[in-house]
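Engineer: First to last, the sequence lines map onto chains A and B.
Start counting the first sequence at 237; every next residue gets the next number (my numbering).
Start counting the second sequence at 110; every next residue gets the next number (my numbering).
You may find that some hints are simply not true.
Estimated spans, in silico, between C-beta atoms of each pair [what the hints assert, rightly or not]:
no., chain 1, residue 1, chain 2, residue 2, range
1, A, Thr475, B, Arg571, 46 to 56 Å
2, B, Ala408, A, Gly461, 56 to 66 Å
3, A, Gly623, B, Gly540, 49 to 59 Å
4, B, Arg470, A, Val598, 31 to 41 Å
5, B, Glu211, A, Gly477, 22 to 32 Å
Calculated directly from the structure, the hints in this document are not laboratory data.
Just so it is clear, CB atoms sit at the ideal spot from N, CA and C, and this is done for glycine as well.
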Amino acid sequence: MLRPGTHHRGGFVTTLDAATLRLLERLRPESLPPETGDVPVVAPRRIEEAAEVLAFAGDRGIVVGFIGGASRFDLGGRLEPDVWLSTSAMNRIVDHQVEDLTLVVQAGASVADVEALLADHGQSAILPEAPGSATVGGVVATGASGYRRLRYGPTRDRVLEVVLATGYGKVVRAGGRVVKNVTGYDLSRLAVGSMGALGLIGEVCLKLWPIPRGAATVRIDDPEGALAETYRPLAVLETEGGAAVYLTGTPEQVAAQSDELGGVAEPGHRWPDPIDTAMRFSVRVAPRHLAGAVRMILTAFPEAPLRAQHGVGELTFGLETCDPEDVVAVRHWAEGHGGAMVVLAAPPGSLPGVDPWGTPPVAHGLQVRVKEAFDPHRICNPGKLPGGL
Amino acid sequence: MLQAMDLIAELEGVVGSDRVRAHPLDRRVFAKDSGVKTGPVAAVVFPESAEETARCVRIARNAGVPVVPRGAGTGLAGGAVPIEPSVLMVMTRMNRIVEVDEVSRSAWVGPGLINLDLSRDLASTGLHFAPDPSSQQSCTIGGNVGTNAGGPHCLAEGTTVAHILAIEMVTAEGDVVVVGGDHPDPVGLDLRAVVVGSEGTMGIVTRVLVKLTETPPAVRTLLIGFPTVEDAAATVSDVIASGLVPAALEMMDQAMVCAVENFVHAGYPTDAAAVLLAEVAGHGVGVAAEADMIARIAAGNHASTVRLAKDETERALLWKGRKSAFGAIAQSAPDYYLHDTVVPRTRLVEVLSKIYEIGERYGISLLNVFHAGDGNLHPLVSFDSAVPGELDRVLAAAEEMVRVSIEAGGSLSGEHGIGMEKRDLMGLVFGPDDLDAQARLREAFDADGVLNPGKILPEGSRCFDRAPTIGAAS
Numbered sequence: 237m238l239r240p241g242t243h244h245r246g247g248f249v250t251t252l253d254a255a256t257l258r259l260l261e262r263l264r265p266e267s268l269p270p271e272t273g274d275v276p277v278v279a280p281r282r283i284e285e286a287a288e289v290l291a292f293a294g295d296r297g298i299v300v301g302f303i304g305g306a307s308r309f310d311l312g313g314r315l316e317p318d319v320w321l322s323t324s325a326m327n328r329i330v331d332h333q334v335e336d337l338t339l340v341v342q343a344g345a346s347v348a349d350v351e352a353l354l355a356d357h358g359q360s361a362i363l364p365e366a367p368g369s370a371t372v373g374g375v376v377a378t379g380a381s382g383y384r385r386l387r388y389g390p391t392r393d394r395v396l397e398v399v400l401a402t403g404y405g406k407v408v409r410a411g412g413r414v415v416k417n418v419t420g421y422d423l424s425r426l427a428v429g430s431m432g433a434l435g436l437i438g439e440v441c442l443k444l445w446p447i448p449r450g451a452a453t454v455r456i457d458d459p460e461g462a463l464a465e466t467y468r469p470l471a472v473l474e475t476e477g478g479a480a481v482y483l484t485g486t487p488e489q490v491a492a493q494s495d496e497l498g499g500v501a502e503p504g505h506r507w508p509d510p511i512d513t514a515m516r517f518s519v520r521v522a523p524r525h526l527a528g529a530v531r532m533i534l535t536a537f538p539e540a541p542l543r544a545q546h547g548v549g550e551l552t553f554g555l556e557t558c559d560p561e562d563v564v565a566v567r568h569w570a571e572g573h574g575g576a577m578v579v580l581a582a583p584p585g586s587l588p589g590v591d592p593w594g595t596p597p598v599a600h601g602l603q604v605r606v607k608e609a610f611d612p613h614r615i616c617n618p619g620k621l622p623g624g625l
Numbered sequence: 110m111l112q113a114m115d116l117i118a119e120l121e122g123v124v125g126s127d128r129v130r131a132h133p134l135d136r137r138v139f140a141k142d143s144g145v146k147t148g149p150v151a152a153v154v155f156p157e158s159a160e161e162t163a164r165c166v167r168i169a170r171n172a173g174v175p176v177v178p179r180g181a182g183t184g185l186a187g188g189a190v191p192i193e194p195s196v197l198m199v200m201t202r203m204n205r206i207v208e209v210d211e212v213s214r215s216a217w218v219g220p221g222l223i224n225l226d227l228s229r230d231l232a233s234t235g236l237h238f239a240p241d242p243s244s245q246q247s248c249t250i251g252g253n254v255g256t257n258a259g260g261p262h263c264l265a266e267g268t269t270v271a272h273i274l275a276i277e278m279v280t281a282e283g284d285v286v287v288v289g290g291d292h293p294d295p296v297g298l299d300l301r302a303v304v305v306g307s308e309g310t311m312g313i314v315t316r317v318l319v320k321l322t323e324t325p326p327a328v329r330t331l332l333i334g335f336p337t338v339e340d341a342a343a344t345v346s347d348v349i350a351s352g353l354v355p356a357a358l359e360m361m362d363q364a365m366v367c368a369v370e371n372f373v374h375a376g377y378p379t380d381a382a383a384v385l386l387a388e389v390a391g392h393g394v395g396v397a398a399e400a401d402m403i404a405r406i407a408a409g410n411h412a413s414t415v416r417l418a419k420d421e422t423e424r425a426l427l428w429k430g431r432k433s434a435f436g437a438i439a440q441s442a443p444d445y446y447l448h449d450t451v452v453p454r455t456r457l458v459e460v461l462s463k464i465y466e467i468g469e470r471y472g473i474s475l476l477n478v479f480h481a482g483d484g485n486l487h488p489l490v491s492f493d494s495a496v497p498g499e500l501d502r503v504l505a506a507a508e509e510m511v512r513v514s515i516e517a518g519g520s521l522s523g524e525h526g527i528g529m530e531k532r533d534l535m536g537l538v539f540g541p542d543d544l545d546a547q548a549r550l551r552e553a554f555d556a557d558g559v560l561n562p563g564k565i566l567p568e569g570s571r572c573f574d575r576a577p578t579i580g581a582a583s
């Protein structure tokens, strides 16, 4: 049951009045994600309803948090909104053009379901592997990419169209349902990784790839050497358990490339298990610094599970507990090499004084102005972007 | 407000008198790009650094004169053509390869660097810059960023935006900023992604960190002739649906093939109603099988000839035919008008037949050469602008062709951009709220309309009756 009352959030004082409550009650979800606590949750069935909620919230200064599968709930720091806006009731596959390799899907659709459907057609949206509860909208909003980005590029390269309920309460469509398009400003790519700063992503059109028939995973000792010698591997991953090259292509080509690598080859792609420690971090550097990042993490945290993507420049690692100063030292190293260290997950209060993102981007003034343009009342996931934006 | 002479003197104070031009001839040369429209030029400046560019922007801004950045002027949509008297910022002198990182596969380059020069210079490293517009021998990387340029090999590699990691640019305020970074997923909003394709309206690109792509160890190039356009288009659909992703899949109709063959003598089959130029690239073992598969699919669609380039020389010759298409047109008429729309690949046959019908109805000379694998159509009309009324007729036909593409679920432009050419057609694909959102974004970068005003968005896109500011909300 929703209760009227005054809420204090991020400098705003808001009142959940009777009109607000009527609107919210109309859109209550069937089940509540545990992460939302006792904060009201609304689940619009259509993007127009989401826009209506945001227009309403904007007028009253009600802070709205966006939630999908809550698999990256902590990214950008924990939010304490007045209301959660959930995509759980917008989870349909709208249109799959099998022969044209495009998919239109609502934000709340589960990544696992979407990839399973596409696999039946020999296709993939190259969304992150082992997605857990992740939704398509969540992957797009957080800008998450999987291990196959070395071969296929990041998720943002496959987002062709986005339908957004903006912070000022309008439904906006950007991009288009064709694989190549330069019609107007590319708001769809801007939405990727925007952390909800522009509004709620309600629907996206994704470019798909056919999955080649050949697949092998080859264990190797020297990931950097293997990367230099292998033409376009799917991924070159290093974990605490060793390194492997992931190959894809025609079966004949995969066999030939496996032989060239000379390691132990297994058919198929066995991706590393997700890191499930309480704290998780992402080190992002230019690919040339990745080997150094691996050495640095192995020295600082010898027991830590890690997933290093050679050729990409991302390394994620996990810890159960740690001294915040050690995390700051890792960030110092990453930023000193021109990169970043991002906190992917951390229990509330476990890392005092550690910013989720680190140093904000150089062009912070532009970031502020773009945020203001789409969220003039600062009600959409406020503070989720670097610099508390 | 500065007088014209004062403006030029101030600009000369920054870059010297030899790098500011305002002679009537210079104004005329820089009044147009490779499209059909011209505009008024106040002065032409050739900056050699970000700092110079920034100072010139501040001067123009204070003078109330817009700034229009420009590379080689190969654009076709009028993106570099000023709408009101403007300072043309020609970036071609900033053409250095600043730094190459072979391990990270990236390079910082000047915006004036010619696209093909970059790949040629890198040849020994086994790396190249993937976007390859037909104009790649003359177009610049900065221009590629401005238009989010494409090219035949974007089918497998994506357009320019997938190959730009970071951009140093001068803002409308005259500040030098960097968006993006050399590492994956730089934190914050991805402003890099919207600066690419913004046609100089969000900043003047002064340095670019490009992603470099491994040059494939093996390539197979096929030239396939078909008795009908439908058979060629069906082959395109079947290849895409088969799970193959060719490196390139280009189509030309008979009129185009004849023009090209007469021009470069590459041995194109002039009796075919359409030809496909298909290329597969990658590991040696893989490409042989893929080339076989394309040949089989083509045979199933009644291909009359299949020619596999036997060596690099023959491959280069086949590509020369494709890339010389626009030069070849000059044989038939002094001017050409090149369209650029995209349709879902499954609807190529249907849209093409409508385009031929429009051409016939207007009685215009129509040739087709295009990126079939992407569904990116390039109907090309050759004409003589000296004939009264001819250009109007060509433009009227063009608009109809755009409309049939949109009706088939397509878009206005695949790689050339909107510029001024298609600005007023934006309402065909976007509603008022969509255009308003794009206008808000632009305003966030350039509230005063200093940078290339009047491009991309039609007038009245911004709805000013909403959205109080943050201050008003609290």
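Engineer: Mind listing which of the numbered hints don't hold for this structure, in increasing order?
Structural biologist: 2, 3 and 4
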